[in-house]
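> Chain by chain, the residues:
Protein chains: 2
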Amino acid sequence: MTIGIIGLGIIGGSYARALKPYGYKIIGIDVNTETIDYALDNNIIDIGTTKPKEHLKECDVVFVCLYPNQTITFIKTHINDFKRDAIVVDVAGVKRHMTNQLDIFFNDDINIVLTHPIAGSEKSGISHSKENLFKNANFVITPHSKNEEEHINLVKTLARQMGFKTVSEISDVDHDKILGFTSQLTHAIAVALVNSDAYNFDTKRFIGDSYKELTRIAMINDTLWTELFFENKDFLTKNIDTFIEQLTLIRDAVHSKDTDTLQELMQKATKTRKDINNEE
Amino acid sequence: MTIGIIGLGIIGGSYARALKPYGYKIIGIDVNTETIDYALDNNIIDIGTTKPKEHLKECDVVFVCLYPNQTITFIKTHINDFKRDAIVVDVAGVKRHMTNQLDIFFNDDINIVLTHPIAGSEKSGISHSKENLFKNANFVITPHSKNEEEHINLVKTLARQMGFKTVSEISDVDHDKILGFTSQLTHAIAVALVNSDAYNFDTKRFIGDSYKELTRIAMINDTLWTELFFENKDFLTKNIDTFIEQLTLIRDAVHSKDTDTLQELMQKATKTRKDINNEE
Chain S
1 MTIGIIGLGI
11 IGGSYARALK
21 PYGYKIIGID
31 VNTETIDYAL
41 DNNIIDIGTT
51 KPKEHLKECD
61 VVFVCLYPNQ
71 TITFIKTHIN
81 DFKRDAIVVD
91 VAGVKRHMTN
101 QLDIFFNDDI
111 NIVLTHPIAG
121 SEKSGISHSK
131 ENLFKNANFV
141 ITPHSKNEEE
151 HINLVKTLAR
161 QMGFKTVSEI
171 SDVDHDKILG
181 FTSQLTHAIA
191 VALVNSDAYN
201 FDTKRFIGDS
211 YKELTRIAMI
221 NDTLWTELFF
231 ENKDFLTKNI
241 DTFIEQLTLI
251 RDAVHSKDTD
261 TLQELMQKAT
271 KTRKDINNEE
Chain R
281 MTIGIIGLGI
291 IGGSYARALK
301 PYGYKIIGID
311 VNTETIDYAL
321 DNNIIDIGTT
331 KPKEHLKECD
341 VVFVCLYPNQ
351 TITFIKTHIN
361 DFKRDAIVVD
371 VAGVKRHMTN
381 QLDIFFNDDI
391 NIVLTHPIAG
401 SEKSGISHSK
411 ENLFKNANFV
421 ITPHSKNEEE
431 HINLVKTLAR
441 QMGFKTVSEI
451 SDVDHDKILG
461 FTSQLTHAIA
471 VALVNSDAYN
481 FDTKRFIGDS
491 YKELTRIAMI
501 NDTLWTELFF
511 ENKDFLTKNI
521 DTFIEQLTLI
531 RDAVHSKDTD
541 TLQELMQKAT
551 KTRKDINNEE
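Taken in sequence, the protein lines are chains S and R. The opening residue of the first sequence carries number 1 in our numbering; numbering runs sequentially from there. The opening residue of the second sequence carries number 281 in our numbering; numbering runs sequentially from there.
So that you can see chain S by itself, here it is in the shape it has in the complex (with noise of 0.2 angstroms):
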C-alpha cells in the first residue's frame, strides 16, 4: 500500500514516521523543499515532492496533514489528480467546517474520511516530530452518510498502527461540542491566563508545574488556531461562558468565605478528574 502524507508538518511528519515501520510506501509532498530534503535525510518518507501531481495518482490512501482550510483548498484544487478509489483523510480539529465545504466531494471518485487525531505539540515542523507523538492519544472519526465501512476500518487500523490508544465516531457536531472543551478552551485558557499577569515580578522565580503545565499551550500557533476558535465559535464561546460561570461560583465563594461550597466544588472537580486518570 502507498501512503501519501500532505504536509509535513509535526502531525504529518509524525505520521510518516509512526507508519513507516510497518513497511508501507510513503510518500510526502510539501510546499517547502528543505522539508522534503529533512524527510529523505532522515528516511521518514519513501519519496519527496513538492509537486502533488507527480505522485499523488500512486497513492491508495492520503492524508492531508494541513490546517482546516488549506486542507478544504487542497482537496478541491486536486480532486482530479488522486487515484481513483482512494481514501483521503484530514486532520482537522474542527469537523463540522470540513463536513460542509466538502460535502459535494463525496459523491465523487475519492472516499473522504474525516478524522481528528487529539495530539499535536507547542512546537511545530518536521525537525518536532516523531514516531511515539501518538502513543496514548485519543483518534476520533466522524464519519460522513456517505461513507463506507470498509474505509472508515481501514483508517481505524491505520490509527492504531500508529499507536493511537483510543478510536471513536462521533458526528460531526458532537465532536465540535467536545473538542470545543478540550481543546479549544483550554487553549482560551492558556492565553488568557498568560495575558493575565498584572504584575511586575520576576514571574518565572515564583512558579511551580501547575503554571507551568497551565501555560505550556500558551505558546500558540495563532494562525492555525484563530481557524480552528472561529470555526467553532458557536460552541466555542458557549463552553468559555459555562466555564467562566464555574469560576465566578469559585470567587464569590472565596469572597463571601463559604467553605461548604467551595469544597464542594473541589471536591466535585476532584471526583471527576479522577475518574479519567484511573481510566488511563
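If you're looking for bench data, these hints aren't it; they were derived computationally from the structure. Heads up, a few of these hints could be off.
Said to hold, decoys possible - Straight-line alpha carbon distances no greater than 30 angstroms define the calculated DSS-like cross-link-like pairs of lysine-lysine that follow: (1) S:204 / R:436; (2) S:76 / R:537; (3) S:238 / R:436; (4) S:123 / R:537; (5) R:492 / S:268.
Unchecked claim - So the derived label-pair ranges between C-beta atoms look like this: (6) S:76 / R:528: 45 to 53 angstroms; (7) S:260 / R:403: 48 to 56 angstroms; (8) S:160 / R:311: 47 to 55 angstroms.
All residues carry an ideal CB built from backbone N, CA and C; glycine is no exception.
Given chain S, work out where chain R should sit, using these hints.
Frame of chain S, contents of chain R only:
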C-alpha cells in the same frame, strides 16, 4: 546539626529525604503513628515521635510542614518547647497571614523564618514524598524585619541543599500577589474547568495532553486550598477578575471573528510564555 520536621506529608517527607544525605540528624514528628513507622522503616528519619515535647528541645532547625493554620497553632502551642535560638521555618503558601498571626513571636527566644517552597503534588502523604521533589523548583523567603541575616542565610543553604533551583526574597504582600496568580488562580481555573464539562460524552476519549495538564491540579486537597484561598482572598479574587477580563477579550474576538485582536492576544501570550521557558 539536628533538624526537626513537623508533619511528614508530601512536603515534610520530601524535606526529610532531601536533607538526610547531608548527614543531619533528622527528627520526624507527626500525629500519625503509621506515618512515623513508615518514615523509620524507610530510613527517611533518624528518630520519630508523635509527641513533639519529647524531642523538640534537641532541634536546631525546625521545619513546620503543616497547613497554614495548623502551623500557627503548633508554634503557639509549643513556643516554650523549642530549643533556645532554634530556627523555626514554615512552608505555608500564604504569607501575610503567617506574618500577622506569628508577629508577636518574632520577639521570642526562637527565630521564625517564613518561607514557601513552590512544589507539591496532587498526591499527598509520606508514601508519595520523594528526595527530588524540589529539583529545579523555586523557593521563596519573605523576610521579617526582626530576622537576622545569618538565619536567613542558613535557610537559604538548606533550600539549596534540598535541590531548589532559585531562592528569592520578597515581601509577604508581594508574595501573596504573585502566588495568588501563579498558584492559587491556576488551581481555581483547573477546578472550574473540570466542573464546566457540561456535556455527557465519555470525555476521556476526547482529550489530549492539554486537557490533562490543565486539569491535573483539579485533584485538589480541598481543606488545604480552601484555607489558602481564604487567607489570600483579596488578591485571589482580583486575579480571577483580571483573568476573566482577558478571557472575555478572547471570547469577544472569537464572537466577532476579529482576526487581528485574536492573533495579537495569542502572539502576546506566546512571547511572554517563551521568555519563561528560555530561562529554564
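> If a hint holds in the structure, say so; if it does not, say that too.
Against the structure, the hints come out as follows:
1. S:204 / R:436: Holds, because 18 angstroms separates the two Cα atoms, which is no more than 30 angstroms.
2. S:76 / R:537: 25 angstroms, holds
3. S:238 / R:436: Violated - the C-alpha atoms of residue 436 of chain R and residue 238 of chain S are around 48 angstroms apart, more than 30 angstroms.
4. S:123 / R:537: The hint holds at about 25 angstroms.
5. R:492 / S:268: 17 angstroms, holds
6. S:76 / R:528: 45 to 53 angstroms: Given a distance of about 36 angstroms, which is not inside 45 to 53 angstroms, the answer is violated.
7. S:260 / R:403: 48 to 56 angstroms: Between residue 260 of chain S and residue 403 of chain R, where Cβ atoms are some 25 angstroms apart, the hint is violated.
8. S:160 / R:311: 47 to 55 angstroms: Holds, at about 51 angstroms.
When each numbered hint is compared with the structure, violations occur for hints 3, 6, 7.
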